[in-house]
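Spelled out, the chains give:
Protein chains: 2
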Amino acid sequence: MVKINENFLKLQKNYLFIEIAKRIKAFSAANPEADIIRMGIGDVTLPIAPVVVEAMKKAADEMGVKETFRGYEDSGAGYDFLKEAVANYYKGFGADVNADEIRINDGAKSDCGNIVDIFGDGNTVLVTDPAYPVYVDTNLMSGRKIIYADSNEANGFAAMPDDNVHADLIYLCSPNNPTGSVYTKAQLKEWVDYAIKHEAIIIFDAAYESFISEPDLPRSIFEIEGARKCAIEMCSLSKTAGFTGMRCGYTVVPNDLEVTASNGEKVNIASLWGRRQGSKFNGVSYPVQRAAEAVFTAEGQKQIREAIDYYRENAKIIASTLDEMGIYYTGGKNSPYIWLKCPNGMGSWEFFDKLLSEANVVGTPGAGFGKNGEGFFRLTAFGDRERTKEAMNRFKTMKF
Amino acid sequence: MVKINENFLKLQKNYLFIEIAKRIKAFSAANPEADIIRMGIGDVTLPIAPVVVEAMKKAADEMGVKETFRGYEDSGAGYDFLKEAVANYYKGFGADVNADEIRINDGAKSDCGNIVDIFGDGNTVLVTDPAYPVYVDTNLMSGRKIIYADSNEANGFAAMPDDNVHADLIYLCSPNNPTGSVYTKAQLKEWVDYAIKHEAIIIFDAAYESFISEPDLPRSIFEIEGARKCAIEMCSLSKTAGFTGMRCGYTVVPNDLEVTASNGEKVNIASLWGRRQGSKFNGVSYPVQRAAEAVFTAEGQKQIREAIDYYRENAKIIASTLDEMGIYYTGGKNSPYIWLKCPNGMGSWEFFDKLLSEANVVGTPGAGFGKNGEGFFRLTAFGDRERTKEAMNRFKTMKF
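Sequence lines, in order, name chains A and B. At position 8 of the first sequence (counting the first as 1) the number is 8 in the working numbering, and the numbers step up by one without a gap. At position 253 of the second sequence (counting the first as 1) the number is 253 in the working numbering, and the numbers step up by one without a gap.
The hints are simulated quantities; they were obtained by calculation from the structure and are not laboratory data. Just so you know, not all the hints are guaranteed correct.
Below 20 Å or equal to it, Euclidean Cα-Cα: the simulated DMTMM-like pairs (lysine to aspartate or glutamate) are [claimed, not checked]:
1) B:22 x A:256
2) B:3 x A:256
3) A:229 x A:100
4) A:10 x B:265
Distance windows between CB atoms, simulated [said to hold, decoys possible]:
5) A:309 x B:265: 28 to 38 Å
6) B:145 x A:264: 49 to 59 Å
7) B:353 x A:66: 49 to 59 Å
8) A:160 x B:353: 58 to 68 Å
9) B:268 x A:160: 36 to 46 Å
10) B:193 x A:160: 56 to 66 Å
Glycine included, every Cβ here is placed at the ideal spot set by N, Cα and C.
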């Protein structure tokens with residue numbers, strides 16, 4: 001008889017956003033006139049930049065002509081034109097990444113989850129808590145042991161390594177989802193030192209790097225000395241260039257990264273990952289890759305900056321409101337996320353219900369991201385300017 | 001210390017097509033004037049149909065306008081417009097598939113490999129031999145036990161089930177890659193009966209269904225009674241509509257499909273698969289989904305038929321040549337693949353080298369697809385008409 005992977009039964013049944021949707025639906029049914037403002041899910045709202053649209057249309061035309069038609073990509077790792085554009089982008093902020101170390105993918109999430117296929121199930125996985133649920137869920141699916149490093153008010157929601165605790169695989173996300181906190185170079189250096197000492201590998205999710213405006217903050221783990229010996233980085237154009245519906249990202253595995261197998265053989269991690277992807281991933285659509293390439297042109301960078309600046313201004317509006325109200329928060333500055341402490345010691349879901357019913361504003365309960373998220377709440381800056389202002393005006397009138 | 005998944009070390013180091021590329025490179029270096037005709041890799045050569053190009057361009061334009069911009073897809077399973085188009089396509093040849101049983105993906109390969117994530121590693125996997133290497137490799141990566149059902153001259157390269165052998169997961173591919181053989185309804189019914197009796201699940205790869213011209217041959221396993229209780233089907237637009245560079249396919253998991261877990265709980269397989277994909281797959285680009293939708297319009301179907309008919313005519317040219325030469329083969333009729341027996345008892349690679357050096361024609365050695373492939377050779381019909389004719393003319397002049 002066929003057997004299911006019973007690790008799946010250990011996953012939480014009600015995924016965070018499903019529960020949120022359920023509560024909104026119930027509220028809307030009872031209050032059909034309510035004008036709900038959604039600041040919950042981290043989706044962008046501004047359209048794709050004009051140069052990107054044009055690049056995709058040009059590529060679509062190429063696909064319709066025999067001489068310029070493209071079929072299978074030889075490597076499945078992405079076209080050189082895009083890998084070179086990404087490598088060049090990395091060089092722009094001083095990260096040491098070569099084009100042949102990059103694999104193009106459909107966004108950061110898939111690779112954050114799939115990368116662990118190439119590692120043994122006996123590894124101990126460290127996740128900072130609160131965290132993006134995918135890190136936990138995908139490792140639970142393989143039955144791996146997961147340990148947590150606490151992010152909390154005491155450390156500004158930026159968990160740091162503890163040398164007395166051993167981990168083999170470490171998920172870090174900076175700027176962080178959901179807390180908006182950003183590691184400094186010195187902090188990331190501590191993690192890199194820890195990883196090298198423990199012969200661990202860091203899986204670094206840099207999906208929000210484009211929101212960093214302070215020049216001293218690292219946008220890639222490869223700005224940190226030693227990272228090439230212990231880190232893999234995922235990034236995405238979802239938030240950088242509004243690609244949540246276009247689907248394109250990239251993963252960097254340094255050529256230096258090696259692990260010794262039990263037979264003593266040195267195994268190159270990039271080769272292993274290439275082997276996995278060659279059998280279980282089909283590569284990214286050619287017109288999507290051309291669209292992504294356009295993001296990295298001078299004109300593309302200029303156009304996407306406008307959208308990022310717009311979201312940044314939204315973040316500032318939210319942060320100012322919280323400052324005014326005297327509410328503790330992290331993020332909002334180098335991040336599209338604002339992570340606030342629920343007033344008066346309220347629980348995350350209690351605050352969710354109150355905010356929904358009294359201000360008709362939807363956010364994300366921090367408890368959905370891990371135990372340290374209880375009592376906290378995430379707002380996102382990806383909304384419309386006027387709606388963001390309106391939400392904050394309503395928020396200010398609430399009594400706690 | 002981080003540990004790799006050592007199952008990867010059991011995979012064959014030199015993937016078939018890498019070895020082929022190596023031999024071609026060596027031959028070309030020694031014979032720079034040789035005019036090589038490639039009939040090896042199964043990639044299409046004709047451009048995307050005009051309605052498909054236009055649909056993608058229109059969708060790209062929508063992404064550039066705030067009012068029509070699309071971000072994250074709610075479900076990640078594909079837009080309803082495309083799932084309904086696919087369900088309607090299935091109904092056109094009598095397969096019982098509903099839109100809500102379909103998940104849109106980046107092509108059949110990924111899902112053929114990733115689907116096993118939801119099944120326990122203790123399952124015994126049955127693969128017909130010869131087979132598309134992905135079925136074997138992705139299961140080796142999880143350390144599963146693989147058993148083989150022989151496809152050979154005696155059964156027309158269409159392996160049938162053996163009731164004395166137990167399997168939990170069964171990979172079937174019809175029209176078959178590499179052998180071009182197509183299961184009849186009666187034959188598939190035997191497999192379905194076997195699966196139900198053994199409480200097994202069939203993973204059915206229908207990627208070449210559009211090449212079936214004989215109306216009695218099944219294009220989907222869901223034309224077979226009982227399949228909804230024991231089968232999952234993968235299909236792709238890669239060969240149907242030249243999407244090898246566009247990347248879009250679909251997987252059907254019937255809502256009826258359930259497996260009993262060790263605690264007695266009935267687990268719905270579609271939900272389990274949705275949970276896996278929700279954490280480890282990002283969905284397909286909106287403009288690619290609009291392009292795929294256009295394939296299923298009346299005009300789209302007419303336009304893609306032209307390309308399929310072109311490839312079919314190529315297949316006929318190859319098959320006639322083999323008939324003329326008295327060489328045994330399968331496929332060529334309801335399949336873009338022609339699987340021939342190497343003349344004079346030659347081995348697959350011996351024949352590869354002879355064909356390359358004497359006729360400057362490249363094909364794929366059958367030995368690369370499993371032990372029953374030794375002594376056989378795959379040619380594909382996806383090439384240019386004149387080049388296919390030229391290759392066959394050269395072939396006919398060869399001495400064996």
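A quick look at each hint next to the structure:
1. B:22 x A:256: With Cα atoms ~25 Å apart, residue 22 of chain B and residue 256 of chain A exceed 20 Å; violated.
2. B:3 x A:256: Between residue 3 of chain B and residue 256 of chain A the Cα gap is close to 16 Å, so the pair holds against 20 Å.
3. A:229 x A:100: holds (16 Å)
4. A:10 x B:265: With a Cα-Cα distance of about 13 Å, the restraint between residue 10 of chain A and residue 265 of chain B holds, given a limit of 20 Å.
5. A:309 x B:265: 28 to 38 Å: About 51 Å separates the Cβ atoms of residue 309 of chain A and residue 265 of chain B, which means 28 to 38 Å is violated.
6. B:145 x A:264: 49 to 59 Å: violated (27 Å)
7. B:353 x A:66: 49 to 59 Å: Because 31 Å falls outside the window, the suggested range is violated.
8. A:160 x B:353: 58 to 68 Å: holds (60 Å)
9. B:268 x A:160: 36 to 46 Å: holds (42 Å)
10. B:193 x A:160: 56 to 66 Å: holds (60 Å)
Against the hints set out earlier in the document, violations occur for numbers 1, 5, 6 and 7.
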